[in-house]
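J.: Quick note on numbering: numbering that gives the first Met the number 0 labels position 91 of the sequence shown as 90, and the sequence is numbered without any gaps.
Keep in mind the hints are simulated off the structure, nothing from the lab. A hint or two may mislead.
In silico DSS-like links for lysine-lysine, alpha-carbon gap of 30 Å or less [unchecked claim]:
(1) Lys-123 to Lys-108
(2) Lys-108 to Lys-75
(3) Lys-81 to Lys-123
(4) Lys-123 to Lys-139
(5) Lys-139 to Lys-81
(6) Lys-81 to Lys-108
(7) Lys-139 to Lys-108
These numbers were taken from a predicted model, which means no experiment stands behind them.
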Amino acid sequence: MKKLLGMIALLALTLILTACQSPTNEANFFQTYRNSYVGDNSAVGNIIHNLDWNNQLENIELSTSQEPFGIQLNVKEMPPSKLLVENASYLFALVPNTEWLRFSNSEEKFQIVRSNLESWLGVKLTEISSQEDLQNLLTKHNLAEFPLSRRTNETTNR
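My request is simple: use the sequences and hints to build the entire structure.
T.: The following block contains the structure:
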């Protein structure tokens, strides 16, 4: 009987602790991380871990020693180009001092530059005020058509 009560108490405690954690709902996520900076490892990591392809992520490298600031995302398998552009849009919208993003694995390396993506979308991503607005913008475009820049190992950050 004591074992059963102990298990029930443990289950209740687990449920309470789980309920107390603030799940990242869409509106809260966008507002919580909006105006984060590349130098804020925790915020950038949390943003990236909330994106669709985070299960493919191996590591993150933040380039903050000199401008232009950027983020390199090393992945196991390269996501489809549509997903790269969608995730880049979120990162550029939420992290205003990010000028470039590089997605890399052992076989491929792609770079997306903020100014190129904003020009293609026709909007400054930092001016988008909600996740709903960003999602509406992205659904108006065929993201797979964005011209990704293929990078080589010899190419520098700029």
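J.: Each hint: holds or not?
T.: Okay, the hints, checked on the actual structure:
no., hint, in the structure
1, Lys-123 to Lys-108, "holds, 25 Å"
2, Lys-108 to Lys-75, "holds, 12 Å"
3, Lys-81 to Lys-123, "holds, 19 Å"
4, Lys-123 to Lys-139, "holds, 15 Å"
5, Lys-139 to Lys-81, "holds, 13 Å"
6, Lys-81 to Lys-108, "holds, 15 Å"
7, Lys-139 to Lys-108, "holds, 26 Å"
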